[in-house]
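Protein chains: 2
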Amino acid sequence: MTNLRIPGPTPLPPSVLAAMQEPMIPHRGPEAKELFAELRAALARLHRTTGDVLIFPGSGTGALEASIVNLFSAGDRVLAIVGGAFGERYAKIARAFGLDVVELPVEWGRAADPAAVRAALAAHPGVRGVLLTHNETSTGVTNDLQAIAAAAREHDALLLCDAVSSAGALPLEMDAWGVDVVLSGTQKAWMCPPGAAIIALGERAWDAHARAALPRFFWDFTQARDAARAGSVHVTPPLTTLYALRAALRDIEAEGLEHVWARHAALGEYVRGRVAGLGLTLFADPAHASNSVTTAVVPEGIEAKALLDHLRERYDVVIAGGQGKLAGRIIRIGHLGYVHEPELAAALDALGAALGDLGYAVPAGARQAAAAR
Amino acid sequence: MTNLRIPGPTPLPPSVLAAMQEPMIPHRGPEAKELFAELRAALARLHRTTGDVLIFPGSGTGALEASIVNLFSAGDRVLAIVGGAFGERYAKIARAFGLDVVELPVEWGRAADPAAVRAALAAHPGVRGVLLTHNETSTGVTNDLQAIAAAAREHDALLLCDAVSSAGALPLEMDAWGVDVVLSGTQKAWMCPPGAAIIALGERAWDAHARAALPRFFWDFTQARDAARAGSVHVTPPLTTLYALRAALRDIEAEGLEHVWARHAALGEYVRGRVAGLGLTLFADPAHASNSVTTAVVPEGIEAKALLDHLRERYDVVIAGGQGKLAGRIIRIGHLGYVHEPELAAALDALGAALGDLGYAVPAGARQAAAAR
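Chains A and B, in that order, give the protein sequences. At position 349 of the first sequence (counting the first as 1) the number is 349 in my numbering, and the numbers step up by one without a gap. In short: position in the second sequence from 1, add 373, done, that's my numbering.
Bear in mind the hints are in silico, worked out from the structure with no lab data behind them. Do not take every clue at face value.
As a list, the in silico PhoX-like pairs of lysine-lysine whose alpha-carbon atoms are at most 20 Å apart [what the hints assert, rightly or not]:
#, chain 1, residue 1, chain 2, residue 2
1, A, Lys305, A, Lys325
2, B, Lys698, B, Lys678
3, B, Lys465, A, Lys305
4, B, Lys465, B, Lys698
5, A, Lys33, B, Lys678
6, A, Lys92, A, Lys305
Produce the complete structure using the sequences and hints provided.
So this is what it looks like as structure tokens:
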């Protein structure tokens, strides 16, 4: 089977595949009620929050859009921290709904500086929300969510966190860090197929929601919460994806969330070591390198697309290329969700071999390490 | 296994269950491109259109919302034909986005009269769109889509068709009948789990889209079409649901769409005959009774909830109750998607037995018919 090592969708564990064979049920009946209750409780524990977690049919982008239309009114000012393609996307969504978007640009590959966030908030009074990509999947950088959430709180702004490629993989203490909104999709560290958006909301977010005037129906948090509290849903839920999610969350809690975080930390270190061992330049600032996705600069003389195609065709390994302005310049290796060292070792061996096939001089140490396995 | 006979989610055929075991793929890679192309082509054939069919992560309600935010501007006038809970929902969504909604109320259980639609359009000039529930799942009535589409066209209004419980079950000739927008979800006659919204659009809809000013991002038809034409997607697609859909559409085309329609027509007649044979009063106007869902009045002396609970607990058969103002007054039997006479016969036998258990005098003919099986 293809060794899929992109930053999502991620491979599915056997328990998740098995769960997707469960039959359909009435989505407003008693089994569904139990399913939703289990998911909401587990997701709250896994977000480290006592707040509400809502689940919608959707995607990560859907979660971002839901946060905008539920928490703001047209003309509201937000600060968008933009250090990659997903930061750009969040800002673009906010603009599409008529918000007054102040952008704080961050060099791609670097993390946002909490002091710069504080300065931007001081320079632009009246910011109601800070839009932050916790883990920027396009650059392989993890931002300092805790410090930036503290900065937002000092300026009485909500902290909205795109956690699509961090939630369930990287430490995230929603309540303790004062994060108001955490957004993710099922298809990354939650180890499920894409198909549902997961939205965790703290009390300050609900206060903002009560004042927010943008029109909404499908994404409406009040309808979703009222239905959820009654054990129901306000729109038809993606049942099979939710069966998958139940199985995945049980697996995660059986492993233990902190163990899952530690596994990702160890795998991040492993991948960075192996990539550096191939003589490649890591793209992300080492002080803020992501433990869910590793980025590396495509070496001179190698064409990124040719490398990815060759890896796929010759070795049945799929990694990702760069996005936006990094297209052609970097490669990205996903290591989040259902992943352990052997699959990554095989992928990195193949990467070394593919680079060699294309004429790149693989360091002897890396060749020996691969041969020894 | 539970005999699930609600109007959706509907039972999954073995081919669909098997398809959901397929592994994740990069959603912007070559296999995904093939998947999307096959789905779009099959859906166009099954909608009888040469227009574009877009697929979003979502639900039926998501499809309705998408049609509003993509085709109108705040203040635009629409005519909402409301003869049940889903007609009400469509009108409610239009109002949530600031449209000027003229309602044409239709008695629940009756079909909309095309002459009344014409009169309403004449009385309310400037209507840009007519919102019609093709098959009103809450009442078991099928509206005359072809005649109402003609009326809309005479008044230069778009016809937006909620086909959630009709598409893939009941005759629907999108291009030949001049239907501009057809909206459905995967979980009804398409024989899949819930999780994707399916939106077919004709040329007049695209013209309206070009002028529509409501804000949108996730649901944006231009982004979705541009990505689709490039073999890609603008948001992460619900892959497993799409694997399911590919298998289901192959099954439907192997059976033949017109055969599928005929099967539903035969099953509709069968269910109505059996329900009448139990001495129950059919709720929907017989001239417009739906072939995908049958409604019957709960007989005097029987409590609807007690009947549904007993059917479920004693016979493992699940049918639905009434919605909105019909709660407690009717029962609803779904017969759409992956369904054949034997499962319906078993459900109707159980219904007769359950009614008898609760003290209802089941006609001797119905008891004999059940005993003979």
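Quick rundown of the hints versus the structure:
1. A/Lys305 - A/Lys325: holds (15 Å)
2. B/Lys698 - B/Lys678: This hinted pair holds, its Cα atoms lying about 15 Å apart.
3. B/Lys465 - A/Lys305: violated (48 Å)
4. B/Lys465 - B/Lys698: holds (16 Å)
5. A/Lys33 - B/Lys678: holds (17 Å)
6. A/Lys92 - A/Lys305: violated (27 Å)
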